[in-house]
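Residue numbers (this note's numbering), protein chains in the order written: chain V, 1 to 115; chain S, 1001 to 1113; chain L, 2001 to 2521; chain H, 3001 to 3155.
All clues given are correct.
The list that follows gives simulated cross-link-like pairs (lysine to aspartate or glutamate, DMTMM-like), each with its CA atoms no further than 25 Å apart:
id	chain 1	residue 1	chain 2	residue 2
1	H	3149	H	3116
2	S	1041	L	2459
3	L	2379	S	1058
4	H	3048	S	1038
5	L	2460	L	2384
6	V	25	V	106
7	V	25	S	1094
8	S	1004	L	2500
9	S	1041	H	3082
10	L	2449	S	1057
11	S	1041	S	1058
12	H	3013	H	3141
13	L	2380	S	1057
14	H	3139	H	3043
15	L	2449	S	1061
16	L	2379	S	1060
17	L	2167	V	106
18	H	3067	S	1054
19	L	2449	S	1078
20	L	2460	S	1060
21	H	3148	S	1044
22	H	3048	S	1046
23	H	3048	S	1044
24	L	2380	S	1058
25	L	2460	S	1044
26	S	1075	L	2384
27	S	1040	H	3145
28	H	3067	S	1047
29	S	1041	H	3152
Calculated from the structure, these hints are not laboratory results.
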Amino acid sequence: MIGNAPFFVVGVLFLMGLLGIFMTKNLIKIAIAVSILGSSVNIFLVALGYRTGGTIPVHFLAGEGSTMVMPTPQAMTLTAIVIALATTALLLSLIMLVWRHYGTIDVDEIRRLRG
Amino acid sequence: MWGKVYTGFGYWDASAWILFFFIAAFFTLWLRSQGRSDYKKGTDQDEIYWSGNEVPEDGEDITVPASSAYWGFRKALEPFYKGLLGMHTGIATDIVGYYVIAVAFLAVFILLV
Amino acid sequence: MNWNEHLPALILIIPLFGAFIAPVCSLGGKTARNILLVAISFLTLIVAFMLWRHVLANGISYYVMGGDKFNLSLPSGMALPVRIILEVDAFSAFMALCGAIVSFAGALFSVNYMNRFTGMGRFVSLYCLLTAGMIGMMVTGDIFNFFIFIEISSIASFGLIAFWRDKPTAIEASFKYALISQVGSMFILIAAGALYGRYNMLNMAAIGSVLKMGSMEKLVLVFLVGSLAMKCGTFPMHMWLPDAYAEAPTGVTCLLVAVSQASLYGLMRVCFSIYGATMGSSFIPWMLIVFGLASMFFGVSMAVVQHEIKRLMGYHSVSQVGYMLLGLGVGLLVLDDARAMADYGFTAIKGGVFHIFNYTMYKALLFLTAGAIYYATGKKDLNEMGGLARRMPYTTFMFVIAAAAISGLPPFNGFVSKLLIYESSFAVHPFLAVVALVTSVLTLASFVKVFQTAFLGPEKSSLAKVQEVPAAMLIGMVVLTAAILGASLFPSWTLSTLVEPAARALVDQSGYIGAILGGGM
Amino acid sequence: MMKLEKYLEILPKSLWVTTCNSGSCNGCDIEIVATISPRYDIERLGMKLVGTPRHADVLIVTGPVTKYMTNRLRRIYNQMPDPKAVVAVGNCGASGDVFYKSYNLDGPIDRIIPVDVYVHGCPPRPEAIIEGVAKAVLKLERLREDLKKAGEQQS
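If we strip away everything but chain V, and leave its shape as in the complex, we get (with noise of 0.2 Å):
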């Protein structure tokens, strides 16, 4: 049970990123939210790269333990946060470039584009 808790977590912040996405109006917030929902995924990995009693998969300080922790989830994670950066980079510059347009960082207001 304890094993899942990770998960658990990565449950509970996903579905905290997607109700902030829903619920907040602000733009800031709501990239705030994509983070978050970044974040839970980064965790998810992670948590899947775990193994009980494993050591670091490199030879020569591996010690006397066999189990060995596969690098992959780590460099998988490594680079979604390089990705998450950019993108939460982008966002708040278009959000900057969006209140210096149309006077207002309410998700509400900003829809001159529809129909």
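Please build the complex by placing chains S, L and H on the supplied structure of chain V, with the hints as guidance.
Quick look at chains S, L and H alone, frame taken from chain V:
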């Protein structure tokens, strides 16, 4: 290369259609060549008939704008378009909402069936 | 080592190299930058063509980054598929060819179209990056790399949609696309992670070989299908698409069409190659068909009432994607029924694949003609146009060809692919074919409206100074027109050389898996 | 270019007629409509109403010509192809009738365009209109002969 494309029920042959196109074009051009050419050029006889009025110089005054095209179609389907346009609110979170609802719908139903 | 084996890597490296060299090159002035843009996209096109030829001749080609085998063998004899792998079968090569043609046409068009704006160094860089991301989605054989390429293309397209950042609507469209595609990518990533957690593998072929249908796999399938369907603009999740297509600079819109096709490629890859016959129930195929019908009908009925030219075409993209989903969904429905597959299923897949090619060509051409009108007149609203046929005869000619092709008028290529889809979906249920036919009629109706209001009618005084667009833009359009006319005049040749190998590769799940695993790990 | 003789031989007595209301009270127009309706049915004689002067042989004008209609009537007349004939239907068109010397008239019709046949009555009966148009056929035949001669002299 010019062969037929079989669809399972029939076939499609582009060359037959192109042949037909040339025959139709020939007839069209022949009919057109039969028109009268004895009108007096430069007089009112080669002007546009605009109910006897003078034709406006600027096309701006006589074009039907695109928004008015298919007005009747849109009017007849007013309830349908009201619903459809009401769906396109243009609010960013609504767009995400439709997406998440669609995924949730799929997720629930694929586990049920 | 034959250099032909490096083609899958080359097709990625060339645009990526272009993206990073662009800022340096733009120091050399306008001409150097324009030459770079055209040269990079032309090289990509050539490599895509050679890759396609190579794949047709030698079967599936794969490329392992940093090694000659994709799995790492431990001394204990255990083999782990860890390396990054590119796998190109006939379907991927076909999609990459379509994408490269469109990218080349868009680049030629952009050279003049974007001439009046500053910041072109960034534009060229992002354009090449978008091309790289798009082609990467098509050639990768690894589900996590698929996610990475989706993100690369998404980020490049956010930047390109908001390229005219002094236009409020462009920023708005970019923000909407960024938000929804970010949420979508998270779903894709969680699906990729779940597959990894289940099978310890990320390689699509390797996953496909061991996949067993369970609740987890079902959820993964739904996440992937939902997100990729959103990225290619199916009905309830299409609202970002007309906004983004309408507000991006036209050369970019042209490329975005190909990017949405790359997402469709991913969708088909997941459905056919990873899941394929193990999918079990017919729920997902039916959902693809229903999504297809909904996008077709509602997309086109929204398009009929639009009066902004690129927005109208954006809604048409939604409806045209519906045709492909319908054709491929019908094919997926009968995937494990050999008799129905031979009867009509394979025809449906051929129709869907052929429609991908046709749609990419004529929709890109339509967007380019819309961009040419915008370049010449500075107007986007159909209400303010009229009588342009006298001023822009070449553009008009190409618009008519593209509009006839998209409406499915014989003898153009749109008719052939639609005919294949109608007749095969009729075998499943007549209602499917009826919706497809009605959609085709409404498509014709809305393009008649565009043609009549923009090109016909009396000349307006406000458009008296309009001239035909420069030659480079015309050449960009001619490339696509030639592709359309070629596919129209020689449909059986196109079907047998271009479409059928791709359709066969799509259906052949064991071939896709066997080419990598070579008969088991 | 001058293939006119050939055209003139096609259906010589089937007149295509267009109407112009130059300010009448609509009484004459209703009678014209009655003329094409089944009871009188001029289409059995090969005649029919067309929507544009570009296709017409005969112009039927009703009403005294008001100032507003003067230029328009002249333009419609000019837009008809040769040979052409004009039939004035109703007393107003012939003389002005009750509107005679009214301040807002430029007419009667023959001050604006040459009239070939006058049909009297207020409004004239359909039989009278048919007879008037039949008279226009004679006029047109004479015009055709003239045009044919001109064509032969040219060639």
